[in-house]
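S.K.: First to last, the protein sequences are chains Y and A. Note that the first sequence covers residues 1 to 946 in our numbering. Note that the second sequence covers residues 947 to 1364 in our numbering.
Accuracy of the hints is not assured; some may be wrong.
Claimed, not checked - Chain A stretches covered by chain Y per the calculated footprint, using a threshold of three residues with CB under 8 angstroms from any CB of chain Y:
{"hint": "1", "stretch": "1022 to 1029"}
{"hint": "2", "stretch": "1032 to 1040"}
{"hint": "3", "stretch": "1166 to 1178"}
{"hint": "4", "stretch": "1264 to 1275"}
{"hint": "5", "stretch": "1306 to 1319"}
{"hint": "6", "stretch": "1341 to 1352"}
Just so you know, the hints here were simulated from the structure itself, not pulled from any lab data. Idealized CB from N, CA, C, for every residue including glycine.
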Amino acid sequence: MTDSKYFTTTKKGEIFELKAELNSDKKEKKKEAVKKVIASMTVGKDVSALFPDVVNCMQTDNLELKKLVYLYLMNYAKSQPDMAIMAVNTFVKDCEDLNPLIRALAVRTMGCIRVDKITEYLCEPLRKCLKDEDPYVRKTAAVCVAKLHDINAQLVEDQGFLDTLKDLISDSNPMVVANAVAALSEIAESHPNSNLLDLNPQTINKLLTALNECTEWGQIFILDCLASYLPRDDRESQSICERVTPRLSHANSAVVLSAVKVLMKFMEMLPKDLDYYGTLLKKLAPPLVTLLSAEPELQYVALRNINLIVQKRPEILKHEMKVFFVKYNDPIYVKLEKLDIMIRLASQANIAQVLAELKEYATEVDVDFVRKAVRAIGRCAIKVEQSAERCVSTLLDLIQTKVNYVVQEAIVVIKDIFRKYPNKYESVIATLCENLDSLDEPEARAAMIWIVGEYAERIDNADELLESFLEGFHDESTQVQLQLLTAIVKLFLKKPTETQELVQQVLSLATQDSDNPDLRDRGYIYWRLLSTDPVAAKEVVLAEKPLISEETDLIEPTLLEELICHIGTLASVYHKPPSAFVEGSRGVQHKRLPPRAGSGESTESPDVGQSGPSEAPPAVIPSQGDLLGDLLNLDLAPPTATVPSVQPSMQMGAMDLLGGGLDSLLGGDIGGSPSMGAGLGAAPAAMPASLGGAPAVGGGLGDLFDLGGGVGMPTGSYVAPKTVWLLAMKAKGLEISGTFARRGGIIQMDLSLTNKAMSVMTDFAIQFNRNSFGLAPAGPLQVLTPLSPNQTIDVSLPLSTSGPVMKMEPLNNLQVAVKNNIDVFYFSCQYPLSLLFVEDGKMDRQVFLATWKDIPNDNEAQFQIKDIHLNSDVASNKLQGSNIFTIAKRTVEGQDMLYQSVKLTNGIWVLAEMRIQTGNPNYTWMCWRRPHVRECVSQNDSPVIS
Amino acid sequence: MIHSLFLINNAGDLFLEKHWKSVISRSICDYFFEAREKAVEPDNVPPVIRSPHHYLINIYREKIFFVSVIQTEVPPLFVIEFLHRVAETFQDYFGECSETTIKDNVVIVYELLEEMLDNGFPLATESNILKELIRPPTILRSMVNTITGSSNVGETLPTGQLSSIPWRRAGVKYTNNEAYFDVVEEIDAILDKSGTTVFAEIQGVIDACVKLSGMPDLSLSFMNPRLLDDVSFHPCVRYKRWESERVISFIPPDGNFQLMSYHISAQNLVAIPIYVKQNISFFETGSSGRLDITVGPKQTMGKTVECLVVTVHMPKVVLSANLNATQGTYNYDPVTKILLWDIGKLNPQKLPNLKGSLSLQSGAPKPEESPSLNIDLKIQQLAISGLKVNRLDMYGEKYKPFKGVKYVTKAGKFQVRT
């Protein structure tokens, strides 16, 4: 007597038979027939041919039969829209039924029928149901609005359903509130700027009340909605936190994680010295630990989120290392995540324990896991200096096991340890060399070759070792080939006498017998360097290497902040910005953590995070792979300025090589040294022009005045025209030009990306080096569509000033790295300082007066601006547009004196006095406190007035 | 929200699909199958799988993959929790959650799924509300239904659906009023070679079976509530009372439910009931090895350790085991490479021992990985953390219920390294 009988009819006339049964007079037979139809539907059989017959059964007072027919309708209405109209009458009638269950069922089903014609008829019944006396009907109707919106958004807006839905947030029944919130959130997703969920303290209060009484799912919706609210002050933030904390003890882990999200976000606003702040931190640990005792799938999602949380606030879980110890039966995806977090939590205090565990894992069965464990040991060594020695000896033990993949992984990480602690552990090189033959993976081979090349002077038979690799040069992967080339050149520079033949061999292999342009280019560069200036070659090839960062895979701080706002979502599982998860044109608002109370200015945020490694400067170097002596990238990237020993002139030279030299070289006869010289000579002529154009400020004054005269800018600050920052020939076809602007208090970087290459470019990303004012991208670079050849897109990148700070020379220099699917490119540009003038830069008159007097004379600078024909009022207005505020004005001896104040994003005030004589305004600049700001300000200010 | 659900068995057959919005072609599951193949073991399939336009979130329960499809940003935990709820509901309705029972009850399954989710939003997931909407199948009812033509679908709106206590229906009546609580504790532990505890914690739950008439209001108090600092409660528990008085006060759902779960991680509170002396070694030559395992009681609080089972995952090269057990039986499965030693009751006077030789694939090198021992055990009448229920009081109803509390301790993920 089970339902499996429904599957058994597979005779020829199955559909025919069902048709007859559906039209039977007997109710029982009808129902059985509908059940058979449903059963066929569930396994994916097409029973749409029965549509009219099934719809005929809809008029019934038997609820089960009705439900079954509805199930059928939802599945097939779309394929038979004309037929579906037949059902409308019954729906409308059912929406008036006395039984709320039937009313709700009807409105629910109608919403699921995705046929345009039907939706027209749906509006009236839906309107009634939204105001139904029974909360069960209202809550069902709320969801129906979201369904309808999905089918026909315009209709929903025209009919005013959105307002009705907003009213439901104040409903007396918590379940209705929860569903209204859920529906609004879903609708809001497709209208990023519509402000549908207009949250204010009153609605927040209603939500918090409903939170306590609604179902677990409703709680998730409400908590997610709360997380998008920005409390007015720390007190409100605390009171919300207090009312949310009980959710941490909920049995449903999704509720717990959503509550964690709200708390992590609002905590940002609480002053750190508040007792409650500490209490809250303590309360967060146990629920996170509990999530790890749940089913493995839940554990996985929890671990991905914990990974974010420990990066943001390591103090929460710093004592909980042990819960991340890997258990034998954990699924592999849980094991790998746990390992990652263990390393993040590793510190001097627990390193012994961690190492013992890692060593244990290195003897497990699962190869992926073992590899990662070995790598983890290396990462510990780099992260916790005190443990380095122990890590190295552990790695040596592992190498002794002679397990092939363990040895290879160990060698890869030992290379990194050498990089981090030079001249400390080189005694182990001999042991490493013993394992040379067993290495069959490119990464391990490359690492070993790097070690041999780097320490060629200490390895007696370095030439033999490298020569043995050279035999199969063409069968090696590019990584190994490049590494071998570099290593042999290093060897040659260290022991020139014995290795001349070897180096010639490798250079000819790389330049003449290879089809790989990277390899060829590098080969030529070495060749030319060696043949023209061996001393320079030495300086370039054996240059001191930049330090490798402690943790290679830390998430970039702005992204981390955004992800913290999205705890519990897919974005948090993939550690990618939420915009990457939205289909098509739908945009997403970037969420930022709220600023901490009491700081007032966003500029304080660099200090806020100093407690943890989360604020560690983002690695200057994009990834470890590139690091490994990848000379091309390093030397040709002047902005990174990480190669201290290389003189600027050297860099220029290197750039020239690529810029002009190589092109002509490749075009002409390859390999001939005379043409090399020609290439070298020709290049510098071309380069300075393009370089000179880059800084917007340098050339600034003249051009900008011209421009300013024509374009009147009544409001808003001055925007310089775009200049080319990155030349296509230096960036494999990507040309970037851009400028900076300040719009509505937001700093923006306007970029034009042009694809001058032959292939499509995708996957754009941008990163800034540390700079004087902590400028950092506030969101990812939004290049949604791939950039096809010869296409140009304009993008506006909002910037924040909460990035890490480092003084640059000149002060307003900004070093930028842009990545696309082809490579990473570096360029530097200069921003006008007026970009940093904030809107609230108007100083109180009294304060101004007092401060003015206190400025020491040597902080004062004078600057002349010529050829300006403006009277003082117009000038003052123009300056105000750029946030330079006139505090006072007086007239002395026919000169207008304007006293002005400017505030920079980092809180520095600049005070100025401006003297205007007709036809020749004379600016006297005085700056408070930071002398070096002064020069830049003076340079920058002139365009602003014009 | 949740778009579609596919049920797939271990052999890779898709045997049920349900769509809550528009229909998504089942070919979307190819991405799942790809991941499934890559993972080798069904347990290792990653829970979140990405396809160009959708995300597949899946769980693996009772040899069935519950694969849900989502299209927009949805909290994955929300989806996973919901899938668990689906599996639990099937278990609850059909006694077991298996491909056969689901196929046997496909119409009820479909009705259930329709009730549980509307447009991807959870609608009714509480078992007692669902049971009012769709009655579970019983032999008697299906007989009656066939004869009388009545259905298993409830005709009225469930009373609990909208009350502030959605987990309990009104008008419950029992002739015997009873409330039973099971305190179940599982020890998760990792012991290293020398027997030192690397890591240990207790996962505890209190399962309840409450069959009381009317609207009883219960409160449960403990002798030592201080043990509990990390707890998760069933939604029926009043959190404020717990925070202020450390009393669990609640109006219970009807029938079986999990009242609370807790977590004790303070190492000094976790007693390890047994010790294991083991020596598993492989010889450099001769393709053989030795195994010697002895189990003895450690901190058992005077109770007997029962149902003791030792499982050893052997390296792949181990072909067979020739052992001698002083107590219980052993079995080595050469396919899964699992050695299972079922000991039974642990006798402190005569410690069980398993000893003998292992034979390896000839010519194979000595295995590199060290096998790991997993222990299963059970101790009746003891909560290893020492947690004790003090009293259970009932308010709001006049009758006198039967009350009972049972304690049991089990091994959870209890692992001994070699």
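S.K.: Taking the earlier hints as the rules, which of them does this structure contradict?
M.R.: The structure breaks hints 2, 4, 6; every other hint is satisfied.
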